[in-house]
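Given the coordinates of chain A, work out where chain B should sit on it, guided by the hints.
Which chain is which? The protein sequence lines are A and B, in order. Take the first sequence: its letter number 204 is residue 204 in our numbering, and every next letter is one higher. Take the second sequence: its letter number 202 is residue 438 in our numbering, and every next letter is one higher.
Hints listed in this document are in silico derivations from the structure and should not be mistaken for laboratory results. One or more hints might be untrue.
Simulated pairs of lysine to aspartate or glutamate, DMTMM-like, Cα-Cα distance not exceeding 20 angstroms [said to hold, decoys possible]:
{"id": "1", "chain 1": "B", "residue 1": "K280", "chain 2": "A", "residue 2": "E206"}
{"id": "2", "chain 1": "A", "residue 1": "K229", "chain 2": "B", "residue 2": "E277"}
{"id": "3", "chain 1": "B", "residue 1": "K289", "chain 2": "A", "residue 2": "E206"}
{"id": "4", "chain 1": "A", "residue 1": "K226", "chain 2": "B", "residue 2": "D405"}
{"id": "5", "chain 1": "B", "residue 1": "K289", "chain 2": "B", "residue 2": "E277"}
{"id": "6", "chain 1": "A", "residue 1": "K226", "chain 2": "B", "residue 2": "D429"}
{"id": "7", "chain 1": "B", "residue 1": "K289", "chain 2": "A", "residue 2": "E145"}
{"id": "8", "chain 1": "A", "residue 1": "K164", "chain 2": "B", "residue 2": "D370"}
{"id": "9", "chain 1": "A", "residue 1": "K229", "chain 2": "B", "residue 2": "E376"}
{"id": "10", "chain 1": "A", "residue 1": "K166", "chain 2": "B", "residue 2": "D429"}
{"id": "11", "chain 1": "A", "residue 1": "K229", "chain 2": "B", "residue 2": "D406"}
{"id": "12", "chain 1": "A", "residue 1": "K229", "chain 2": "B", "residue 2": "E306"}
{"id": "13", "chain 1": "B", "residue 1": "K503", "chain 2": "B", "residue 2": "D538"}
{"id": "14", "chain 1": "B", "residue 1": "K263", "chain 2": "B", "residue 2": "E306"}
{"id": "15", "chain 1": "B", "residue 1": "K263", "chain 2": "B", "residue 2": "E344"}
{"id": "16", "chain 1": "B", "residue 1": "K349", "chain 2": "A", "residue 2": "E145"}
{"id": "17", "chain 1": "B", "residue 1": "K289", "chain 2": "B", "residue 2": "E306"}
{"id": "18", "chain 1": "A", "residue 1": "K166", "chain 2": "A", "residue 2": "D183"}
{"id": "19", "chain 1": "A", "residue 1": "K164", "chain 2": "A", "residue 2": "D183"}
{"id": "20", "chain 1": "B", "residue 1": "K275", "chain 2": "B", "residue 2": "E288"}
{"id": "21", "chain 1": "A", "residue 1": "K164", "chain 2": "A", "residue 2": "E145"}
{"id": "22", "chain 1": "A", "residue 1": "K94", "chain 2": "A", "residue 2": "E83"}
{"id": "23", "chain 1": "A", "residue 1": "K229", "chain 2": "B", "residue 2": "D405"}
{"id": "24", "chain 1": "B", "residue 1": "K275", "chain 2": "B", "residue 2": "E314"}
{"id": "25", "chain 1": "A", "residue 1": "K35", "chain 2": "A", "residue 2": "D75"}
{"id": "26", "chain 1": "A", "residue 1": "K166", "chain 2": "B", "residue 2": "E527"}
{"id": "27", "chain 1": "A", "residue 1": "K113", "chain 2": "A", "residue 2": "E125"}
{"id": "28", "chain 1": "B", "residue 1": "K263", "chain 2": "B", "residue 2": "E550"}
{"id": "29", "chain 1": "A", "residue 1": "K226", "chain 2": "B", "residue 2": "E256"}
{"id": "30", "chain 1": "B", "residue 1": "K263", "chain 2": "A", "residue 2": "D212"}
{"id": "31", "chain 1": "B", "residue 1": "K438", "chain 2": "B", "residue 2": "E461"}
{"id": "32", "chain 1": "A", "residue 1": "K164", "chain 2": "B", "residue 2": "E504"}
{"id": "33", "chain 1": "A", "residue 1": "K140", "chain 2": "B", "residue 2": "E504"}
{"id": "34", "chain 1": "A", "residue 1": "K164", "chain 2": "B", "residue 2": "E376"}
{"id": "35", "chain 1": "B", "residue 1": "K355", "chain 2": "B", "residue 2": "E344"}
{"id": "36", "chain 1": "A", "residue 1": "K226", "chain 2": "B", "residue 2": "D406"}
{"id": "37", "chain 1": "A", "residue 1": "K166", "chain 2": "B", "residue 2": "E376"}
{"id": "38", "chain 1": "B", "residue 1": "K500", "chain 2": "B", "residue 2": "D538"}
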Amino acid sequence: MKYNKELGSDYTIKKDGRVLKPTGPRAMQMKAALKAQESETVRILREQVKELMEIVSESKSANVVPKGYSADEVDKEINKAVELAIVETEKKSKETITDLEEELKYVKEEFRKYRNKYNDERIKELENNVTSLRVKLEAKEEIIESLKSATGSTNISELVESLKNKVDALANSTLDGEEFIDDPDRPKIEMKFVDPLDATAESVLEPHVVIDEEKGVENGGNINHKVNKLKDILGK
Amino acid sequence: MGNKGLDIGTNMLVAASVDEEDNIIFKMQRDAFYRISPKSEVNKNSIRMGLEKRNANFIVEGHDFIVVGEDALDIAIERNDTAQRPLQRGILSPKDKSSLPMLKLIIESLVGKGSSGDKVVYSVPAKPIDTTFDIVYHTEMMGMYLKQMGYDSQPINEGFAIALSELLDDGLTGICLSYGAGMTNVVVIHQGDPLVEFSMTKSGDFIDQSVGNALDMPASFVQKEKEAGVDLIKPSNQIMEAISVYYSAVVNYTFDNIAYELKKRKKELPLFRDPVPIVVSGGLTLANGFEDKVKQAVSKLDFPFTVGEVRRAEFPMKAVANGCLLAAQL
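Chain A extracted, bound-state conformation (with noise of 0.2 angstroms):
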């Protein structure tokens, strides 16, 4: 198929010569609306062509070197323009930098108070650790001391005594797993042990029997200074 300029892209040229142009319905279809694009198309395109020359001759008007200005003399504005800028520009930086170092010099200030607050608060909390302990061994003592008391006995050793004394007494009394309340006003029944000898048995024994002090280098040594050491210890 032949492109012919001067009948342009409408017409369609067979093998034998003829020349066809689209005259059916379709084609006049797509013609009618290529048009419509078309007329559409170069409407926008003078518009925009209008507003390019506008500009054109806008920024042709303001290239143009007022009178009696060099262009060096332009240049030398231009630079001194320039200087002035940087330097605005590093004096608002330094304006900033100051203002950043105070306020990081205010929260450093308020850190160190907070940590000055949190370790106060830490060595409060263990203060009152401390008294509360305190208060607590105190409690302990007066325990201790009410038990002594209640026993009528100083010695820890006769104190453990009896209580564990009473602690047997407590388990031996409980049957079957029968519950044994604990009643210290309770009447209680009193020990009693008689001597299994009759009383003139001793009589009829004639003793003798001397038993002699060990002497030498096995004897004890002065009581005293034990007896002072014992009752440091003791507390008496």
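Coordinates of chain B only, in the frame set by chain A:
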């Protein structure tokens, strides 16, 4: 007469008192007796002369002689017999009344008669862990007899008495063991406060009987051999070897039980800041190498504190009486 301390042991009675210069003095008597019944009046006179010649202590009861103390043991062995002992396993037996008069006489010969205000602190065993006997009867009866002799009497645990005697330089902190004839007494004490107290029936008599059974010989003979001197590390003959074996058994048994009792009370135990010393006392500890046996037993066990030195009491036969005397002075 003043205050006194009295160690009432199965094998030995020891009294401690103070002389005019405040020095501690001891009196000891073997806790044994042996009855001799003469066959005729002539025989009676010859026996009496014989006893007086060897300076033996004896009691005349009607026609009979009751030899007491060390001579009772010797004469019993000479006659291929066994001496009697007033105490069995460290305490008086309610069933054995016949030996009570002799025991009273021996005690009175040791402490004498007391006057108003005189105090005797006497030792009693701790509650046993391997038998069921009651120590209350023993404690009360001994207190009653001492009262009859004119004393205010006060009982004290045997192990605790050793602690008073031997742990003064350790702030009353340590483990004290009394290896007697009838019983082994144990106390674990912290700054004067007894944490664990118990006794066991395996001690000197157990060794004598076990060796006697093993080698088919009287226990009293084994006892005499043992008391003549034993080297537990290098036993010199078959008897000594057997004695050494049973010594190890008793020592291991003791420390196994101490570790067991401490483990039971682990949560209640205080903090022991320094290594805890072990003090052994009593007749059994006189054997050469006894401390080594203890160290061996301790090394195999895990205690809730560091074990310090193992040492024998300064005077192993007198430590309990000494502790009782110190307690009487407080």
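Each hint tested on the structure:
1. Between K280 (chain B) and E206 (chain A) the CA atoms are separated by roughly 15 angstroms; this keeps the pair inside 20 angstroms, and the hint holds.
2. A threshold of 20 angstroms between alpha carbons decides the hint, and for K229 (chain A) with E277 (chain B) the separation of about 58 angstroms lies outside it, so the pair is violated.
3. With a C-alpha separation of about 18 angstroms, the suggested pairing of K289 (chain B) with E206 (chain A) holds against the 20 angstroms cut-off.
4. The suggested pairing of K226 (chain A) with D405 (chain B) holds, with an alpha-carbon distance near 10 angstroms, which does not exceed 20 angstroms.
5. For the hint pairing K289 (chain B) with E277 (chain B), the CA-to-CA distance comes to about 18 angstroms; that is within 20 angstroms, so the pair holds.
6. The suggested pairing of K226 (chain A) with D429 (chain B) holds, with an alpha-carbon distance near 18 angstroms, which does not exceed 20 angstroms.
7. Taken as a hint, the K289 (chain B) and E145 (chain A) pair is broken in the structure, with Cα atoms around 60 angstroms apart against an allowance of 20 angstroms.
8. Of the supplied pair hints, the one linking K164 (chain A) and D370 (chain B) holds, its CA atoms being roughly 14 angstroms apart against a limit of 20 angstroms.
9. As the CA atoms of K229 (chain A) and E376 (chain B) are separated by approximately 31 angstroms, the hinted pair breaks the 20 angstroms bound.
10. As the CA atoms of K166 (chain A) and D429 (chain B) are separated by approximately 18 angstroms, the hinted pair is consistent with the 20 angstroms bound.
11. At most 20 angstroms may separate the alpha-carbon atoms for a hinted pair to count; K229 (chain A) and D406 (chain B) meet this at roughly 11 angstroms.
12. For the given pair, K229 (chain A) sits about 36 angstroms from E306 (chain B) by alpha-carbon distance, which is inconsistent with the 20 angstroms threshold.
13. As the CA atoms of K503 (chain B) and D538 (chain B) are separated by approximately 15 angstroms, the hinted pair is consistent with the 20 angstroms bound.
14. Pair hint K263 (chain B) plus E306 (chain B) holds up; C-alpha atoms about 13 angstroms apart against a cutoff of 20 angstroms.
15. Taken as a hint, the K263 (chain B) and E344 (chain B) pair is honoured in the structure, with Cα atoms around 11 angstroms apart against an allowance of 20 angstroms.
16. Between K349 (chain B) and E145 (chain A), the direct Cα distance comes to roughly 37 angstroms. Violation of the 20 angstroms bound is thereby established for this hinted pair.
17. A threshold of 20 angstroms between alpha carbons decides the hint, and for K289 (chain B) with E306 (chain B) the separation of about 15 angstroms falls inside it, so the pair holds.
18. With a C-alpha separation of about 12 angstroms, the suggested pair K166 (chain A) and D183 (chain A) falls inside the 20 angstroms cut-off, and the hint holds.
19. Under the criterion of a C-alpha separation no larger than 20 angstroms, the hint pairing K164 (chain A) with D183 (chain A) is consistent with the structure, at around 17 angstroms.
20. Taking the CA atoms of K275 (chain B) and E288 (chain B), the gap is near 19 angstroms; set against the 20 angstroms cutoff, the hint holds.
21. For the suggested pair K164 (chain A) and E145 (chain A), the alpha carbons sit about 18 angstroms apart, so the restraint of at most 20 angstroms is met.
22. Proposed proximity of K94 (chain A) and E83 (chain A) is supported: the alpha carbons are some 16 angstroms apart, at most 20 angstroms.
23. About 8 angstroms separates the Cα atoms of K229 (chain A) and D405 (chain B), which keeps this hinted pair within 20 angstroms; it holds.
24. Restraint check for K275 (chain B) and E314 (chain B): satisfied, since their Cα atoms lie roughly 18 angstroms apart, inside the 20 angstroms limit.
25. Using a Cα cut-off of 20 angstroms, the hinted pair K35 (chain A) and D75 (chain A) is violated, with the two alpha carbons roughly 54 angstroms apart.
26. Distance check on the hinted pair: K166 (chain A) and E527 (chain B) sit about 37 angstroms apart at the alpha-carbon level, beyond 20 angstroms; violated.
27. For the proposed pair K113 (chain A) and E125 (chain A), the alpha carbon gap of about 18 angstroms is at most 20 angstroms, so the pair holds.
28. Of the supplied pair hints, the one linking K263 (chain B) and E550 (chain B) holds, its CA atoms being roughly 17 angstroms apart against a limit of 20 angstroms.
29. This hinted pair checks out: K226 (chain A) and E256 (chain B) have alpha carbons roughly 17 angstroms apart, not beyond 20 angstroms.
30. About 6 angstroms separates the Cα atoms of K263 (chain B) and D212 (chain A), which keeps this hinted pair within 20 angstroms; it holds.
31. Distance hint between K438 (chain B) and E461 (chain B) is fulfilled; the C-alpha atoms sit about 19 angstroms from each other, no more than 20 angstroms.
32. The hinted pair formed by K164 (chain A) and E504 (chain B) meets the criterion: a straight-line CA distance of about 15 angstroms does not exceed 20 angstroms.
33. As the CA atoms of K140 (chain A) and E504 (chain B) are separated by approximately 15 angstroms, the hinted pair is consistent with the 20 angstroms bound.
34. Proximity of K164 (chain A) to E376 (chain B) is assessed by CA-CA distance (about 17 angstroms); at most 20 angstroms being required, the pair is judged to hold.
35. At roughly 14 angstroms between alpha-carbon atoms, K355 (chain B) and E344 (chain B) fall within 20 angstroms of each other, so this suggested pair holds.
36. Restraint check: the Cα-Cα separation between K226 (chain A) and D406 (chain B) comes to about 13 angstroms, which is no more than 20 angstroms; the hinted pair holds.
37. A C-alpha spacing of about 17 angstroms is found between K166 (chain A) and E376 (chain B), which places the hinted pair at or below 20 angstroms, so the restraint holds.
38. For the proposed pair K500 (chain B) and D538 (chain B), the alpha carbon gap of about 13 angstroms is at most 20 angstroms, so the pair holds.
Figure legend: structure checked against the earlier numbered hints; hints not met, in rising order: 2, 7, 9, 12, 16, 25, 26.
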